[in-house]
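**Q** Note that the protein sequences, when read in sequence, are chains A and B. Per our numbering, the very first residue in the first sequence carries number 1; after that it's consecutive. Per our numbering, the very first residue in the second sequence carries number 1; after that it's consecutive.
Hint data in this document are derived by calculation from the structure and do not stem from the laboratory. Any given hint could be a false lead.
Because identical chains share one entry, a pair is satisfied inside a single copy or across any pair of copies.
Unchecked claim - Here are the simulated EDC-like pairs of lysine to aspartate or glutamate, each with C-alpha atoms no more than 16 Å apart in a straight line:
1. Lys342 x Asp213
2. Lys192 x Glu153
3. Lys126 x Glu413
Protein chains: 2
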Amino acid sequence: MPARPRIVIVGAGFGGINAARRLASVPADIVLFDRTNHHLFQPLLYQVATAALAPTDIASPIRSMFAGQANVEVQIGEVDGVDPAARTVSVRGVGAVPYDYLILATGSEASWFGHDDWRAHSTGLKSLPDATRIRERLLAAFEWAEREVDAVEITRLLTFVVVGGGASGVELAGSIRELADATLRRDFRRIKPAEARVLLYEGGPGLLAGFPDALSRYARARLERMRVEVHTGASVEAVDAVGVMVAGQRIESANVFWCAGVAATPVAAWLGINAGKHGAVPVEADCSVPGHPEVFAIGDIASMTGANGKPLPGVAPVAEQQGRYVADLITARIAGRALAGKFRYRDQGSLAVIGRSAAVASLPWAKLTGFVAWVMWGGVHLFLLNGLRNRLLVYVQWVWAWLTYGRGARLIEGEPPAEQRTS
Amino acid sequence: MPARPRIVIVGAGFGGINAARRLASVPADIVLFDRTNHHLFQPLLYQVATAALAPTDIASPIRSMFAGQANVEVQIGEVDGVDPAARTVSVRGVGAVPYDYLILATGSEASWFGHDDWRAHSTGLKSLPDATRIRERLLAAFEWAEREVDAVEITRLLTFVVVGGGASGVELAGSIRELADATLRRDFRRIKPAEARVLLYEGGPGLLAGFPDALSRYARARLERMRVEVHTGASVEAVDAVGVMVAGQRIESANVFWCAGVAATPVAAWLGINAGKHGAVPVEADCSVPGHPEVFAIGDIASMTGANGKPLPGVAPVAEQQGRYVADLITARIAGRALAGKFRYRDQGSLAVIGRSAAVASLPWAKLTGFVAWVMWGGVHLFLLNGLRNRLLVYVQWVWAWLTYGRGARLIEGEPPAEQRTS
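Bound conformation, chain A alone (with noise of 0.2 Å):
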């Protein structure tokens, strides 16, 4: 090993952001890997989709991130493969990049369970371009409709239809009721924006799994208050150009958003390594990869057991907590200590929004519902969003919102999609 170890860190998501930061110190060269030039705060990523935030608001540029931090430097470039003998990462365009540690975070996409044809016709959630491709469908289904003159073709494009019932899933219905019901109200000549449906399916018994019974009752009560449908243990059973089949019903729709499944990206196949649930890595309790010491995998692409016997969820907390985690490791072991303990998950809690003045919180000392959840998940997410520039813009946006009801990154930038109509 070379006096000054390199340290290579694949993807800048929640886990890599936070590995290389805790490494500000380490006398490494640590390469961060990402295939766009942005951070991405996923958790916000639904206020995109409804026309809440702009694309810009949530995403912070890596190498003003790491502009300080002499020790890091970031390169935009997709990594597609690992030779873990030669200890290199094979970057497309480039070649092979040595490393003495590699950290992988490349996190997890969309996934339609091996149904590749639904996705042409349904919009997944988990990047910005996913994001504006939402917007967009949304606000161009509204116009398609007060263009349009015959009913039934109006009712299928005031159709929406989510499928999946976690948080991305229950934050997504909410906030497209809302945008129907109080932001449009007043917009359209023809059509009643609030005559839209909203109809969000879950093959699972519960919304929000995970959270407490309680407060995933909660959660369905107040979407159907706020007039989503919502309909348990459905399953889709088909998705093509003019809609869906869930639960042996036709629903005809022209706005299809995917929130159900995720996927590892297939960093497991790179590491010749048989991938567990979701095709995730099984990795050690020290985070590492089985047989490769120095190669690390976090974030959503690791499977691992908590304390209480359950799968670690795909969430934010547990990418940062494990790249920190890996990154004092590396430190030990660089400093020739040995690291004490295995890698712990400290659960902080979880929030969900359901929409205006409506969230749940599950606590380890509390359980919240409404109002008081809701503030709570604001300033937790405020807290959490990078940068002062970032939180000044969402917070004013946030307030504007709740005064006024107003979204006011309603942009379709280009044409409508025309796709979305069937005559």
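Given the coordinates of chain A, assemble chain B onto it according to the supplied hints.
**A** The following block gives chain B in isolation, referenced to the frame of chain A:
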């Protein structure tokens, strides 16, 4: 003519918006067409192009602007022809829409002076997609350069050519210099962003044609102090995939931004009228189209001579004033009154910004430069922006940028465009 006349307005730019608003209390059915769903505040487009503002900050949903004005119906759709004899406009995908009065306000688009092959290798700056395309190329050029090993190619990637020394070109060139010198200063490890070259070419004898000579000279001196390489009397002779030929000299550049020419949208052809300068419709003194007193052309598509004997410039105030004038004329005709007087342009002055704390203001009562002009520029543009929300967000971002030299909208949404590179 029916009891309640039908006024069709085509284009929701400065002209169309002002006409529609001024008609608020007229007993008429107004249909306002635009190809997009938003009114665009074009004077700040260069700030989107240089990552200072988000697209949504300068775009306002047309529907919400007219939500409270019951006599206006907004329709998103592309008008692609007029039949003055039948008194209909043709809307793509919809068909013929009748009118009693027609206001054409479709504006101008970038023009490559008949060199349509240049268009493929340079980016105009007239629309939001243009601005985000420039932003992505600008940021990607630095990314590609950081990855490049060949010194000649690095120089080519970091050479930014702005063609056209009007307000847009001056603003864009100054802004690119600030991005390279301040915003990106500490963000790269291999390249030095400050070593980027910014070249501004103007075919005419001076920058900011239309401004007094003293202000034009100030702009040039100020840009040169910022290290923009200004060349006047320098016409572009060729643009290709790897550079430009200007005034007999070859410049290798991966980034050619086109602010040189505009041409009116093809309204003259729709009407079967011989177009005037830049394709504009030579209108009567009341902005009507010759031979059709019920059809009006305003803004960039109208060619009209001012009180000083010179053609009216293609700027927002002309379009706005013509919009209001034509609205008053139609109001009077509907009421059976005659409107006294022709259209008369009241020139309230011109502003152009050069860089941080530097602008020029040519006002009827004074010529200002430097900080005072810059503060005036900022205040006027905040005032003119549509809606309190956008004003607030733009103000917050300007203050932030002024304090920190940061630009928050440094987003390459997808992967960086590959066609910028030769290797």
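**Q** Against each hint, give a clear statement of whether it holds in the structure.
**A** Now the hints, each set against the structure:
1. Taking CA atoms no more than 16 Å apart as the test, Lys342 paired with Asp213 passes in neither setting, with 31 Å inside one copy and 73 Å between copies.
2. Taking the shortest Cα distances, Lys192 and Glu153 sit within 16 Å of each other inside one copy (14 Å), while across copies they are farther apart (56 Å).
3. Proximity of Lys126 to Glu413 under the C-alpha cut-off of 16 Å is restricted to the inter-copy arrangement: shortest distance 13 Å between copies versus 20 Å within a copy.
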